[in-house]
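Starting from the given sequences, assemble the full structure and let the hints guide the process.
Protein sequence lines correspond, in order, to chains F, A and P.
All residue numbers for the first sequence refer to our numbering, where the first residue is 16 and numbers rise by one.
All residue numbers for the second sequence refer to our numbering, where the first residue is 16 and numbers rise by one.
All residue numbers for the third sequence refer to our numbering, where the first residue is 16 and numbers rise by one.
Among these hints, one or two may not hold up.
No copy is singled out in the list; a pair is fine if it fits within one copy or between any two copies.
[Claimed, not checked] The list that follows gives simulated cross-link-like pairs (lysine-lysine, BS3-like), each with its CA atoms no further than 30 angstroms apart:
#1 K207 with K24
#2 K59 with K348
#3 K24 with K59
#4 K59 with K207
#5 K207 with K348
#6 K58 with K348
#7 K63 with K348
#8 K63 with K207
#9 K24 with K348
#10 K207 with K58
#11 K58 with K24
#12 K24 with K63
Simulated from the structure, these hints should not be mistaken for lab results.
A quick note: this is a predicted structure, and the numbers were derived from the prediction, not measured.
Each chain is listed here by its residues.
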Amino acid sequence: MTTLGELAKALELELRGDPTRSIVSLAALESATAEDLSFVSEKKHLPKLADTGAGALILHPDWADAWPGCALLSATPYVAFARATRIFDNHPRASGQVHQNAFVADSVRLGAAVSVDSGACVEADVVLGDRVWIGAGAYIGHGTQIGADTVIKPNTVICHQVTIGERCTIHPNTTIGADGFGFAPSAEGWVKIEQLASVIIGNDVEIGANSAVDRGALEDTVVEDGAIIDNMVQIGHGARVGSRTAIASQAGISGSTHIGARCVIAGQAGMAGHLTIADDVHIGGQGRVASSVTEPGHYSSGTPIQPLRAWLRSASRFTQLDQMARRLAELEKAAGLGQNEDDSA
Amino acid sequence: MTTLGELAKALELELRGDPTRSIVSLAALESATAEDLSFVSEKKHLPKLADTGAGALILHPDWADAWPGCALLSATPYVAFARATRIFDNHPRASGQVHQNAFVADSVRLGAAVSVDSGACVEADVVLGDRVWIGAGAYIGHGTQIGADTVIKPNTVICHQVTIGERCTIHPNTTIGADGFGFAPSAEGWVKIEQLASVIIGNDVEIGANSAVDRGALEDTVVEDGAIIDNMVQIGHGARVGSRTAIASQAGISGSTHIGARCVIAGQAGMAGHLTIADDVHIGGQGRVASSVTEPGHYSSGTPIQPLRAWLRSASRFTQLDQMARRLAELEKAAGLGQNEDDSA
Amino acid sequence: MTTLGELAKALELELRGDPTRSIVSLAALESATAEDLSFVSEKKHLPKLADTGAGALILHPDWADAWPGCALLSATPYVAFARATRIFDNHPRASGQVHQNAFVADSVRLGAAVSVDSGACVEADVVLGDRVWIGAGAYIGHGTQIGADTVIKPNTVICHQVTIGERCTIHPNTTIGADGFGFAPSAEGWVKIEQLASVIIGNDVEIGANSAVDRGALEDTVVEDGAIIDNMVQIGHGARVGSRTAIASQAGISGSTHIGARCVIAGQAGMAGHLTIADDVHIGGQGRVASSVTEPGHYSSGTPIQPLRAWLRSASRFTQLDQMARRLAELEKAAGLGQNEDDSA
Numbered sequence: 016m017t018t019l020g021e022l023a024k025a026l027e028l029e030l031r032g033d034p035t036r037s038i039v040s041l042a043a044l045e046s047a048t049a050e051d052l053s054f055v056s057e058k059k060h061l062p063k064l065a066d067t068g069a070g071a072l073i074l075h076p077d078w079a080d081a082w083p084g085c086a087l088l089s090a091t092p093y094v095a096f097a098r099a100t101r102i103f104d105n106h107p108r109a110s111g112q113v114h115q116n117a118f119v120a121d122s123v124r125l126g127a128a129v130s131v132d133s134g135a136c137v138e139a140d141v142v143l144g145d146r147v148w149i150g151a152g153a154y155i156g157h158g159t160q161i162g163a164d165t166v167i168k169p170n171t172v173i174c175h176q177v178t179i180g181e182r183c184t185i186h187p188n189t190t191i192g193a194d195g196f197g198f199a200p201s202a203e204g205w206v207k208i209e210q211l212a213s214v215i216i217g218n219d220v221e222i223g224a225n226s227a228v229d230r231g232a233l234e235d236t237v238v239e240d241g242a243i244i245d246n247m248v249q250i251g252h253g254a255r256v257g258s259r260t261a262i263a264s265q266a267g268i269s270g271s272t273h274i275g276a277r278c279v280i281a282g283q284a285g286m287a288g289h290l291t292i293a294d295d296v297h298i299g300g301q302g303r304v305a306s307s308v309t310e311p312g313h314y315s316s317g318t319p320i321q322p323l324r325a326w327l328r329s330a331s332r333f334t335q336l337d338q339m340a341r342r343l344a345e346l347e348k349a350a351g352l353g354q355n356e357d358d359s360a
Numbered sequence: 016m017t018t019l020g021e022l023a024k025a026l027e028l029e030l031r032g033d034p035t036r037s038i039v040s041l042a043a044l045e046s047a048t049a050e051d052l053s054f055v056s057e058k059k060h061l062p063k064l065a066d067t068g069a070g071a072l073i074l075h076p077d078w079a080d081a082w083p084g085c086a087l088l089s090a091t092p093y094v095a096f097a098r099a100t101r102i103f104d105n106h107p108r109a110s111g112q113v114h115q116n117a118f119v120a121d122s123v124r125l126g127a128a129v130s131v132d133s134g135a136c137v138e139a140d141v142v143l144g145d146r147v148w149i150g151a152g153a154y155i156g157h158g159t160q161i162g163a164d165t166v167i168k169p170n171t172v173i174c175h176q177v178t179i180g181e182r183c184t185i186h187p188n189t190t191i192g193a194d195g196f197g198f199a200p201s202a203e204g205w206v207k208i209e210q211l212a213s214v215i216i217g218n219d220v221e222i223g224a225n226s227a228v229d230r231g232a233l234e235d236t237v238v239e240d241g242a243i244i245d246n247m248v249q250i251g252h253g254a255r256v257g258s259r260t261a262i263a264s265q266a267g268i269s270g271s272t273h274i275g276a277r278c279v280i281a282g283q284a285g286m287a288g289h290l291t292i293a294d295d296v297h298i299g300g301q302g303r304v305a306s307s308v309t310e311p312g313h314y315s316s317g318t319p320i321q322p323l324r325a326w327l328r329s330a331s332r333f334t335q336l337d338q339m340a341r342r343l344a345e346l347e348k349a350a351g352l353g354q355n356e357d358d359s360a
Numbered sequence: 016m017t018t019l020g021e022l023a024k025a026l027e028l029e030l031r032g033d034p035t036r037s038i039v040s041l042a043a044l045e046s047a048t049a050e051d052l053s054f055v056s057e058k059k060h061l062p063k064l065a066d067t068g069a070g071a072l073i074l075h076p077d078w079a080d081a082w083p084g085c086a087l088l089s090a091t092p093y094v095a096f097a098r099a100t101r102i103f104d105n106h107p108r109a110s111g112q113v114h115q116n117a118f119v120a121d122s123v124r125l126g127a128a129v130s131v132d133s134g135a136c137v138e139a140d141v142v143l144g145d146r147v148w149i150g151a152g153a154y155i156g157h158g159t160q161i162g163a164d165t166v167i168k169p170n171t172v173i174c175h176q177v178t179i180g181e182r183c184t185i186h187p188n189t190t191i192g193a194d195g196f197g198f199a200p201s202a203e204g205w206v207k208i209e210q211l212a213s214v215i216i217g218n219d220v221e222i223g224a225n226s227a228v229d230r231g232a233l234e235d236t237v238v239e240d241g242a243i244i245d246n247m248v249q250i251g252h253g254a255r256v257g258s259r260t261a262i263a264s265q266a267g268i269s270g271s272t273h274i275g276a277r278c279v280i281a282g283q284a285g286m287a288g289h290l291t292i293a294d295d296v297h298i299g300g301q302g303r304v305a306s307s308v309t310e311p312g313h314y315s316s317g318t319p320i321q322p323l324r325a326w327l328r329s330a331s332r333f334t335q336l337d338q339m340a341r342r343l344a345e346l347e348k349a350a351g352l353g354q355n356e357d358d359s360a
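In structure tokens:
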């Protein structure tokens, strides 16, 4: 529990209203009560203010007239809300100790106040920076280096010789640095290509649960500073994720594809290998990226859901599209309307 | 090994034939031998009876004439078969003990006959109901509550303050309650929104292997009673899965999307965030759900596979579809057949 | 560090040039230096030779004239490169011991030089062949059998009664033998079908990180010799993956689908259940396989990404395709050009 005045000070925001007002928690506009601080992230949500029970709001100074109650004014209200969540954060805290049930090899170099929880295994020659937190059951492979204030959550596996920067969070059950999928076809079957390179993850990177970032064959797989990656995302060997790029759940980036900075890749999008994606590219959900994208902008693919019977007809016609286009061109020719530039794919 | 008579009694089904007949196992019609009990789930499988070697069958009374051999008669033969699988179940049994290699914090409240296997870690203030089974290497975070008879399989991670009901099964390597993917964009990069809410899972829920159910930012993520979720399914923060809804492998539900009761979401389907899906909606495999669905029924999207060269032509024409439609309208106008209601998207 | 002569001998390749030349590592053509061995896998890469700084190359004898420097000649240069990666392999080696923090049940049968790392749990009646390596935190369920030289990476879960052959690698956080997704619908909700069969994995199989191969209900799930499976791949219960078939990341194979030998299933492809896929079938990325494929060849589905506004128009028109086809047929009839064989789906 805190007061509005303390929050204004901590968030460095202008306060309008009673600084002694008690604030118990954060809440969405729809569910907020008189003891909650809420927020308006975009102008389009202003109509909801008529119905909110919030005790106070974070909002833009330009919108201040729309709300008669207590307010914290911010030119970037959504960012101010994000900062406020840290004040109310209820995550468990690190112990700062190596648990009796953990295994840490003799040659490991531990920074100050490192936590290694029950069942974790830290192999030889690992270097852990100050305040690094290795969660229960996590595995840190030989020679891996992890920067200060990075948190590896329970049961995550970081393989050998991986480099992870500072202030990163890797969520549970994720795998960093397993072998990339590299095999040469031969008459006797697939011949494995040992993956000799590794993974380099920058600072301030967050990677979700149950994701995988594979180690490279000859070139390292790289995730640059400030990138954010959701759950169940696949990053293939030798791929590169640019700074501050966001990749949503279940997207897959094939080997050697390089994604620029500040891109947004939506859920279940898939990229073929060896592509180059420019900076500031947005790919829609389930986007099928089979060739490089050289211009910034928003791209999408796929078809919308339809009721089953209607979709069956659409899908069937899709397989006839080329023939339909040729018939259309025939008709245009017959009608003297020919647009011949369009009649071949 | 059992007898047909004992099975009839245990399953409360009418027996036709020799109650002393020995039954060793369950088998599909195609592979069943004289010591196997098999079943007919749907009328369309009746022609297979001519070729089956099964010693006895579970089938509907209406179909009894189609099979001269021993039978267990059930108005719901597939459900009767499902119940029979429990009798032949060969899964290992719980120890009812805390393994010497497990860690259980002092403040944990253990019900009767709780099992905690080797390498598991149960953090402070956890409450485990009677007969709960925590598998080897699983992690149960601070303050989490798990209801009676629920099984958490090996290496699964349940984060802090999660609530799981009774008789649930969470399969291996799944993550419940990791942070939702919430970040505010700022000039200095992504600012993390701490995920302050949690996950609530009802009774009789099953969640497959390597799946993830994220904790909410301000509102809990909820999976209601009797829902069944397959492997590698992503449930985003603040999402809600209605009672008895089934979600197949690799489907993804984005944040704040609410799915009704008794829905069936097929494999690899993806839902955008902040949608509402009505009760009794079925979404086909790889379905691309970008807007809310208000009516029950079956929906699908996507295109069928074609041989590569044919598909390349279809896919290329897809990008010309709007222009084709406009040319079609032109031709209709020229021919005096105009259907002007259709010539704009 | 080695010499070109030693490499030629180890790889059994013809050497052209100085056998005493020192080779420190392998590298791609683009980044290779004078101490690196590189390779040309396909003729189309020959133009890159003008710019490479490699000290030596593996290449086809037919292309030898295109490169004046040191060379190892191979009729299968990509396979020779794959073999060379083993010589430079830097993966940590197994300890050949059971770690003090591991749990191995008394009834386990251990071959020679078996390694069981920290935190691993090997349940009763497991059989581990010679030189099997169970990684840290991995779980091996009751009665499972694992053949010689197979490596189970950290935190992987192998459930009970699974059979895995020789020389396999199962990467971290993968789950083999969890329950298939089988439930019978009833008036009281879903009734679980206990999954009584298991998983059989052949020899020389590699399975990536965070994947899942479910156990069968009545028929075993089977992965045949030499198959290679990438990360986050789902193999449903009772499915069969043929010998030497390759399945890329995030692909999903539904229950009871049988895939032939030497197929290549690209990333995020999805297969419905109960299908049969012939030998030598290639499915493109995100391929939507809803029916059986009886002929070898390359197949694909889906649509390419477009700039958002253009795609919105294409997607909208997709839902009108059947009507467009009918209007086209009308126009053809009016113009006396009718191709009536095409005007119904």
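Do the hints match the structure? See the list:
When the C-alpha separation of K207 and K24 is checked against a cutoff of 30 angstroms, the pair qualifies only between copies, where the shortest distance is 20 angstroms, while the shortest distance within a copy is 59 angstroms. Within a single copy, K59 and K348 get their C-alpha atoms no closer than 50 angstroms, and across copies no closer than 42 angstroms, so neither meets the 30 angstroms cut-off. In this homomeric assembly, K24 and K59 come within 30 angstroms of each other (Cα to Cα) only inside a single copy, at 28 angstroms, whereas the closest approach across copies is 64 angstroms. In this homomeric assembly, K59 and K207 come within 30 angstroms of each other (Cα to Cα) only across copies, at 23 angstroms, whereas the closest approach inside a single copy is 54 angstroms.
When the C-alpha separation of K207 and K348 is checked against a cutoff of 30 angstroms, the pair qualifies neither within a copy, at 56 angstroms, nor between copies, at 59 angstroms. Taking CA atoms no more than 30 angstroms apart as the test, K58 paired with K348 passes in neither setting, with 52 angstroms inside one copy and 44 angstroms between copies. Taking the closest pair of Cα atoms, K63 and K348 never come within 30 angstroms of each other, the shortest separation being 57 angstroms inside a single copy and 47 angstroms across copies. Proximity of K63 and K207 under a CA criterion of 30 angstroms is satisfied inter-copy only: 25 angstroms between copies versus 58 angstroms inside one chain copy.
Taking the shortest Cα distances, K24 and K348 never come within 30 angstroms of each other, neither inside one copy (74 angstroms) nor across copies (68 angstroms). Taking the shortest alpha-carbon separations for K207 and K58, only the inter-copy value of 22 angstroms comes in at or below 30 angstroms, while the best intra-copy value is 55 angstroms. In this assembly of identical chains, the alpha carbons of K58 and K24 lie at most 30 angstroms apart only when taken from the same copy (25 angstroms versus 66 angstroms across copies). When the C-alpha separation of K24 and K63 is checked against a cutoff of 30 angstroms, the pair qualifies only within one copy, where the shortest distance is 27 angstroms, while the shortest distance between copies is 60 angstroms.
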